[in-house]
Amino acid sequence: GENVEQHPSTLSVQEGDSAVIKCTYSDSASNYFPWYKQELGKRPQLIIDIRSNVGEKKDQRIAVTLNKTAKHFSLHITETQPEDSAVYFCAAFNTGNQFYFGTGTSLTVIP
Amino acid sequence: GAVVSQHPSRVICKSGTSVKIECRSLDFQATTMFWYRQFPKKSLMLMATSNEGSKATYEQGVEKDKFLINHASLTLSTLTVTSAHPEDSSFYICSARVQSREQYFGPGTRLTVT
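Residue numbers (the working numbering), protein chains in the order written: chain A, 6 to 116; chain B, 12 to 125.
Be aware that one or more of the hints could be misleading.
To be verified - With a straight-line cut-off of 25 Å between C-alpha atoms, the simulated DMTMM-like cross-links for lysine to aspartate or glutamate are:
| no. | chain 1 | residue 1 | chain 2 | residue 2 |
| --- | --- | --- | --- | --- |
| 1 | A | K76 | A | E20 |
| 2 | A | K47 | B | D76 |
| 3 | B | K31 | B | E70 |
| 4 | B | K52 | A | E44 |
| 5 | A | K47 | A | E61 |
| 6 | A | K47 | B | D38 |
| 7 | A | K47 | B | E113 |
| 8 | B | K52 | A | E61 |
Said to hold, decoys possible - Here are some, though not all, of the chain B residues that point toward chain A, as calculated from beta-carbon distances under 7 Å:
| no. | residue |
| --- | --- |
| 9 | F50 |
| 10 | S54 |
| 11 | L55 |
| 12 | T60 |
| 13 | P118 |
| 14 | G119 |
Just so you know, these hints were derived from the structure itself, not from any lab. The C-beta atom is built at its ideal place from N, Cα and C for all residues, glycine as well.
Full structure from sequences and hints, please.
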């Protein structure tokens with residue numbers, strides 16, 4: 006099956022700085038990679054995703070990059086704001102029709 | 012985006028009893044529904060994948076006789092925790108997937124077994 010690893014587990018940044026979260030996956034056949042933001046006690050919300058035929062995708066302050074050869078993908082948040090504080094999860098969708106999640110990154114943006 | 016509801020949001024039950032959790036896609040038909048378990052400050056752990064009209068596919072280590080999943084229609088899946096024990100206390104989240112591969116999560120159910 007798929008194995009998704011995520012780093013770092015915790016991340017603190019000053020407001021306005023950038024935050025980068027990295028994930029690696031093991032199944033080379035995985036072809037869809039979403040990122041979710043989860044606030045305390047709430048459901049995960051999709052914030053951005055990327056498919057295997059694309060190397061980079063950007064949506065305002067959020068961007069995701071994918072390196073299929075190395076089997077890793079990253080989330081980049083620029084100009085961070087306090088409301089960006091949350092737990093972020095990466096995921097990989099594999100050929101077995103299943104999503105596998107990374108271990109999560111707790112992001113704290115310090116005002 | 013699509014809306015997924017989950018009921019109940021919180022439930023407390025006594026050890027040995029069974030609890031049923033419902034997951035509904037409100038404005039779309041879900042080809043697949045997933046059930047996850049989440050411990051405090053931990054990631055989502057996939058328990059099973061549920062397709063309408065067929066048996067659920069359970070992940071390794073998940074007891075199918077303890078966590079019964081029924082996917083009765085394209086908009087409803089249920090998870091029944093049978094003979095619950097305190098170690099089953101957790102946050103259970105369902106999600107529903109649309110054809111585009113995006114998945115939408117329910118709000119979760121906090122289960123406490125006393």
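query = So which of those numbered hints doesn't the model satisfy?
reply = 1, 2, 5, 8, 9
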